[in-house]
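Below are the chains, spelled out letter by letter.
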Amino acid sequence: MTTLMTADGNPRSTKRRSQRRPDTWAGIGMSFPALLGLVLFIAIPFVYAIIFSLQNIQVSQAHPAKFWGLTEYVRLFTNPIDSGPFLRAMLNNFVFAAVVIPVQTGLALALAVLLNRKLKGVKIYRTFFFMPVVFPMALVAVIWRLILDRSSQGLLNSALNAVTFGHVQPHDWLGSSSTALASVILLSIWQGVGFQMIIVLAGLQEIPQERYEAASLDRAGAWQQFIHITVPGIRNTLIFVVLLTTILSFRVYDQVYILINTAGANQNATQTMLFQATNAVFNENDLGQASAISVILFVIVVIITVVQRAVLRQRNES
Amino acid sequence: MKSTRTTHRLAACVAVASVALVAGCSTSGSSSSSSASAGSGKGTISIWAHSGQPGENAALEAAVAGFNKSHPTIHANLRLISADTYTTTVTNTPKSQLPDVLEMDGPTVGAFAYNAKLAPLKQFVSASVVSNATAGAIAEGTSNNTLYALPMYDSALGLYANKKMLDAAGVKYPTSTADAWTPAEFLKALQVLAKANKSGKSLDIDESSLNQEWGTYGFSPVIQSAGGNLIQNGKATGVLNSAASIKAMTEFASWKPYVDPNADGNAFQDGRVALSWSGHWEYPVYSKAIGASNLLDLPLPNFGTGSKTGAGSWTWGIGAATKDGSAAGQFLDYLLDDQNVTAMTNADGAPPATKTAFAADKLYQPGGGLALWGQNLQHTCPASAITSTCVAIYRPVTAGYPTITSNFATALAAIFNGADPKTALTNAAKAIDQNFSDNNGYQQ
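Those sequence lines, one after another, are chains S and W.
Letter 107 of the first sequence, counting from 1, is numbered 107 in this note's numbering, and no numbers are missing.
Letter 280 of the second sequence, counting from 1, is numbered 1280 in this note's numbering, and no numbers are missing.
Note that these hints are calculated values from the structure, not bench results.
Treat the hints with caution; some may be incorrect.
Said to hold, decoys possible - Distance windows between CB atoms, simulated: (1) W:Lys1172 <-> S:Phe135: 31 to 41 Å; (2) S:Ala159 <-> W:Ala1359: 47 to 57 Å; (3) W:Gly1291 <-> S:Phe298: 56 to 66 Å.
What the hints assert, rightly or not - Residues from chain W that keep clear of chain S, each with C-beta distances beyond 10 Å, as calculated: (4) Ser1176; (5) Leu1210; (6) Ala1385; (7) Pro1402; (8) Gly1418; (9) Asp1438.
Note that CB positions come from ideal geometry on N, CA and C, so glycine has one too.
Using the sequences and the hints, build the whole thing.
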């Protein structure tokens, strides 16, 4: 926003407007490498995914692929063999998103507000909360595997046992269908919240201090200041964070893959659509089904993003 | 303007090239006939192998160096590829880009042969090498009555037991395969041993890898011992979810309370459990940790039709598009001689897959630490022809194996986590059958 305004106010800008053509070409030239990457690595593979999803096709098969229209899609939604795991994976994705988006955003906001004060050693706290973001998800999953271990020596089980004086028996957090997804959600929030916190923190520091001073003069309390100054002040930042969290929570994969394949997590309860797609192509060589799942995932993400943007923008205007 | 037009053209070229690349990757090879030629028997040959334990890699590198020294007109070029991605790499490489000689995991031979990535072996490898291969080695490498692969070593599966802990708990154990525990006796042993141990556990089954190849390798013998199978005559429904298979898997799930999760991989070595359902690869570690004289090798339980066990490991074949088949054959002749096989099995403790080297391996012969498992490997059969007398069963050789193993291992892990065995096995069987019918039964 600010850069745009200074460009408009710049007396040179009219001059530039008259030389539009070379400017346009320069723009195209400069965006070319990025566009080329997008076309090569996103657009073309995606067109191929659509084509593959309409065929009975396996990885590296000697026999020619057969076109069979929407069979893969029909199966994924109606044939119990395929739709059972697929619809469960989709449900897992939605539950994950429904919990992670509000909780992680809210937690990030709370942490950012807490760490936006002029405390001694606040940088140390910020570093601590940000640290899990720096850890690769693979490492986080391995650490949490030990925390959630089903034996009585597991960190969580032994802690609960000690706190309740032996009244809580060891629980199979990752193996049990009732707690497996909750465990994955918990570790994902723990790992991801620091990143959103830093973005919100940057937004908070953009809010001019004078507004708070004026509000205190008007005897506005801390809660009123938060609702009427802080939240409107970081509105765009929050929208960005929600959009980002939404997209990230639909492509959740790393932690699920690691926990299912190395920690014996309950696959039915934790698998996501992306996990299923990679499983189909890498374990079963089923390129057609993997492509169909990817296309469906893409459509879902696009729909949700468009709806979110429309809703949030409307509110912005009003 | 001129420069942008050039860049547009360049973009078009790159786009076309990448399309061609994708297309090339996805539909490699349209004919199933091998285009391998013998060549001059000279020149450079390329070799792909999985990167295994350090000792295995060293033995393989020494074998390649020895070959290059003794065959001055041929140069063998070895490339080690990470084991995690090895099969995916070979699967995704068009046959024209595959090396002259390649290693592969035993159960993938069927798929690679079906997809015309392998050359029939007998035209390039000496008859004496083929006749010295164990019966199991031939079963593992044969697809549609054609031999495509020969291994350096096999694998052995069974129960390890800590003799002192068994004796202290007063648990009687079988001393021969014929004498194997029944499921009831096995469960009783688990309960008694768990009670006698302060850990409260008695068995390690590497539970966190159940949904991977370990699950199929380690636990398909359970349903095969019960009288079921993964697949029979191209159909899984009726065998994978037969009443016998369901009963065996129900028994398997009942062991969970006595199974140590073994997140640190030291359950057996530290004495947290007295029994470990595992393979030959743990022998060096286990015998060192608890003492070779204290380490017993027991047969897997007998679920009804006799104790069964798994077998099969990495094996070697020749790429279908090789131009130096004769040189590749000479390399395999050299690699599969007693000296190189013994060097390899000394490094990884695996049972040798050639008759002469196996007979000379003290570990698997009477009196050796894994004598009972060695005995089991003398009675092998392919999964398509299980008899009452065979013990060690090789996994099915079919191009549909990836689907079979993925679905069975997923069902196995789900059952262990509490899913209903009947539902899980029936869904797995249906998924396998659907994949087979989609692919016309994987008929050539």
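Far enough from chain S: is every CB of that chain over 10 Å from the CB of alanine 1385 of chain W? Label holds. Min Cβ-Cβ 26 Å, cutoff 10 Å.
Is it true that the C-beta distance of lysine 1172 of chain W to phenylalanine 135 of chain S lies inside 31 to 41 Å, as the hint says? violated (50 Å)
Could you tell me whether the CB distance from glycine 1291 of chain W to phenylalanine 298 of chain S stays inside 56 to 66 Å? Since the Cβ atoms of glycine 1291 of chain W and phenylalanine 298 of chain S sit about 58 Å apart, the hinted range of 56 to 66 Å holds.
For serine 1176 of chain W, which was marked as not at the interface, is the minimum beta-carbon distance to chain S over 10 Å? Holds, since 33 Å exceeds 10 Å.
Find the nearest Cβ of chain S to the Cβ of proline 1402 of chain W and say whether that gap is larger than 10 Å. The claim breaks: proline 1402 of chain W does not keep its Cβ more than 10 Å from every Cβ of chain S (closest is about 5 Å).
So does alanine 159 of chain S sit 47 to 57 Å from alanine 1359 of chain W, Cβ to Cβ? holds (55 Å)
Compute the least Cβ-Cβ separation between glycine 1418 of chain W and chain S, then decide whether it is above 10 Å. violated (7 Å)
Taking the closest pair, is the beta carbon of aspartate 1438 of chain W still more than 10 Å from chain S? violated (6 Å)
Beyond 10 Å from every chain S Cβ: check whether that's true for leucine 1210 of chain W. Not fine: 6 Å to the nearest Cβ puts leucine 1210 of chain W too close to chain S.
Checked against the numbered hints given earlier, the structure breaks hints 1, 5, 7, 8, 9 and satisfies all the rest.
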